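Note that the protein sequences, when read in sequence, are chains A and B. Residue numbers for the first sequence follow our numbering, so the first one is 1 and each next one is one higher. Residue numbers for the second sequence follow our numbering, so the first one is 275 and each next one is one higher.
Since the hints were derived computationally from the structure, they do not count as laboratory data. Just so we're clear, the structure is a prediction, and the values are computed from it rather than from any experiment. We put the CB at the ideal spot given by N, CA and C, even for glycine. Keep in mind that the hints are not guaranteed to be accurate.
What the hints assert, rightly or not - For each label pair, taking beta carbons as the anchor points, the in silico distance ranges come out as: (1) B:R380 / A:A196: 20 to 28 Å; (2) B:F331 / A:F24: 52 to 60 Å; (3) B:F560 / A:M49: 42 to 50 Å; (4) A:F63 / B:F331: 50 to 58 Å; (5) A:F63 / B:V356: 34 to 42 Å; (6) A:S193 / B:N290: 23 to 31 Å; (7) B:R471 / A:R173: 49 to 57 Å.
The residues making up each chain are set out below.
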Amino acid sequence: MTSYALKQRFSSIAVYVFLGVMAFLSIFPFLWMIIGATNSTSDIVKGKMSFGEALIVNATTFFTQVNAPLIFWNSAKVTIIATVLTLLISSLAGYGFEIFASRFRDKIYTLILLTLMIPFAALMIPLFMLMRDFHLINTHLAVVLPTVASAYIIFYFRQSTKAFPHELRDAARVDGLKEWQIFLLIYMPVMRSTYAAAFIIVFMTAWNSYLWPLIVLQSNDTKTITLVISSLGSAYYPDYGAVMIGTVLATIPTLFVFFAMQRQFVEGMLGSVK
Amino acid sequence: MSAISSRPPRPRFDVNGWLFVGPALALIATFMVFPVLHSLWMSFQTGLGVRLSFAGFKNIYRLFNDPLFFTALTNTFIFFLVQVPIMLTLALITAALLNSPDIRFRGVLRTAIFLPCVTSLVAYTVLFKSMFVANGLVNTTLIGLGIVDVGIPWMTDPFWCRTMIIIAITWRWTGYNMIFYLAAMQNIDRSVYEAARIDGVPTWARFLHLTVPMLKPVILFTTVTSTIGTLQLFDEVSTITGGGSAGGAAGPGNSALTLSLYIYNLTFKFAPNYGYAATVSYVIVFLVAILSFVQFYVARERKA
Chain A
1 MTSYALKQRF
11 SSIAVYVFLG
21 VMAFLSIFPF
31 LWMIIGATNS
41 TSDIVKGKMS
51 FGEALIVNAT
61 TFFTQVNAPL
71 IFWNSAKVTI
81 IATVLTLLIS
91 SLAGYGFEIF
101 ASRFRDKIYT
111 LILLTLMIPF
121 AALMIPLFML
131 MRDFHLINTH
141 LAVVLPTVAS
151 AYIIFYFRQS
161 TKAFPHELRD
171 AARVDGLKEW
181 QIFLLIYMPV
191 MRSTYAAAFI
201 IVFMTAWNSY
211 LWPLIVLQSN
221 DTKTITLVIS
231 SLGSAYYPDY
241 GAVMIGTVLA
251 TIPTLFVFFA
261 MQRQFVEGML
271 GSVK
Chain B
275 MSAISSRPPR
285 PRFDVNGWLF
295 VGPALALIAT
305 FMVFPVLHSL
315 WMSFQTGLGV
325 RLSFAGFKNI
335 YRLFNDPLFF
345 TALTNTFIFF
355 LVQVPIMLTL
365 ALITAALLNS
375 PDIRFRGVLR
385 TAIFLPCVTS
395 LVAYTVLFKS
405 MFVANGLVNT
415 TLIGLGIVDV
425 GIPWMTDPFW
435 CRTMIIIAIT
445 WRWTGYNMIF
455 YLAAMQNIDR
465 SVYEAARIDG
475 VPTWARFLHL
485 TVPMLKPVIL
495 FTTVTSTIGT
505 LQLFDEVSTI
515 TGGGSAGGAA
525 GPGNSALTLS
535 LYIYNLTFKF
545 APNYGYAATV
555 SYVIVFLVAI
565 LSFVQFYVAR
575 ERKA
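Please construct the entire structure, taking both the sequences and the accompanying hints into account.
As structure tokens, this is what we get:
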């Protein structure tokens with residue numbers, strides 16, 4: 001073996017070691033979570049890395065402390081409403097900005113992109129007061145409303161609409177379809193991979209959202225799973241066994257969506273960078 | 275972000291266009307533009323709860339004499355200055371290695387490294403907290419490997435508490451940023467690399483002088499989004515320290531008190547002072563604006 005080939009061999013081993021370590025560290029907390037769900041809190045804080053027998057006890061503790069069906073229903077409700085409304089309203093806007101010209105279009109669009117830079121901290125107090133004036137505190141509508149016109153998703157749809165063949169639209173017009181029919185019957189089916197990628201982003205953001213729900217959802221019967229996990233987990237001596245059950249259950253839906261739609265997701269991100 | 279359509283502009287006023295963008299515009303005006311202006315107005319007011327009165331620049335004066343504000347500002351900057359470069363460098367290197375065509379198990383490795391970003395910020399924070407407890411997994415592993423003699427005081431020492439938070443955030447977001455780099459790298463013409471390789475340009479030089487310059491727009495994009503994200507850091511520090519719920523100090527010596535957490539505490543934990551909280555929130559607005567501008571400026575200069 002020449003010294004060059006030897007060097008190549010070493011560097012490719014180093015690459016695999018690096019990537020292997022990265023992959024291992026990325027996956028490890030998931031294993032830790034699953035193993036932790038079967039161990040008692042005293043074993044978890046000792047760092048026990050083997051499956052234990054406390055699964056039933058942990059689950060019992062979790063389900064007695066937390067009204068799980070209600071909490072998960074709340075999370076699901078918020079996520080479904082947010083996802084449907086965001087996809088609809090933001091794709092309408094992304095399509096509208098790309099297809100229709102008007103004198104102020106570019107100025108308004110720039111303004112929308114600028115809102116991406118507004119930190120949520122600068123919005124939360126006025127938003128809270130606004131929701132109080134609308135009598136929407138402790139409602140899931142209040143959680144959803146400020147998120148549905150997402151500048152990020154509008155940007156994403158506008159970028160993707162550039163690839164939408166306008167011959168299709170012209171043909172539909174000749175056939176006498178109205179603008180909303182073109183959007184509903186032609187644009188939406190043609191752009192389904194864009195919708196799929198946006199769906200994953202919006203779904204995960206909504207399911208995992210924390211700060212804004214923490215502010216507007218103050219009664220226990222409206223809380224979502226992230227709020228419950230945070231309040232269980234931020235105690236000085238949390239019952240980690242029970243919390244692990246919660247984190248496993250809270251992670252399953254996003255994992256499922258990710259694996260079910262992984263290909264569209266990566267394609268969608270590719271599309272947004274192009 | 276080109277705003278120019280490929281087709282010639284249509285009439286000046288198009289009812290259909292406004293119907294399509296109308297709902298989004300109304301919502302953004304109500305839930306973004308109005309609140310951000312409202313909090314600018316509130317930042318010049320003071321008082322408890324909703325009984326606000328005009329205060330002029332009193333809040334800004336208070337800001338400069340508020341040690342807790344400076345603690346929060348310093349912490350936020352530490353997280354930003356240390357965490358963002360580490361994470362983006364790691365993401366860039368990982369993406370470059372994964373992008374080479376003769377790597378086996380690419381798909382599996384990519385999925386594994388991306389997986390952390392499906393977890394909720396709260397859930398992964400709790401997981402990290404449970405791994406970093408005094409005699410927990412991380413410390414026993416480090417002692418077992420002979421790296422340290424006694425356990426590291428992750429939860430009681432300000433330096434280590436911040437380190438733990440930085441490790442946690444890096445775990446959650448490296449794969450996310452890597453995907454952007456990978457996507458951009460796939461658009462780069464392979465023949466450029468081949469030519470450089472045949473000319474005998476070493477791997478690291480190809481990475482530094484070919485890959486990095488061609489990825490400039492994506493690097494800028496990820497830097498700006500990570501900056502905005504880190505300056506707004508809340509979920510992790512709130513969950514890790516209980517600083518958002520218990521009302522006590524956020525971490526040892528307030529080492530995990532970020533600007534967002536401080537604003538939250540000012541609004542919902544301490545005697546609520548919306549006016550002063552709004553002033554602090556505008557500090558973040560200014561930081562985001564200034565840092566984004568600097569980052570755009572730096573990226574533009576080097577293009578020449």
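Now the hints, each set against the structure:
1. B:R380 / A:A196: 20 to 28 Å: Taking Cβ atoms as reference, R380 (chain B) and A196 (chain A) lie about 22 Å apart, which means the hint holds.
2. B:F331 / A:F24: 52 to 60 Å: Holds, at about 54 Å.
3. B:F560 / A:M49: 42 to 50 Å: holds, 46 Å
4. A:F63 / B:F331: 50 to 58 Å: holds, 54 Å
5. A:F63 / B:V356: 34 to 42 Å: holds, 40 Å
6. A:S193 / B:N290: 23 to 31 Å: holds, 25 Å
7. B:R471 / A:R173: 49 to 57 Å: With a Cβ separation near 51 Å, R471 (chain B) and R173 (chain A) satisfy 49 to 57 Å, so the hint holds.
Hint check: no violations occur; every hint is consistent with the structure.
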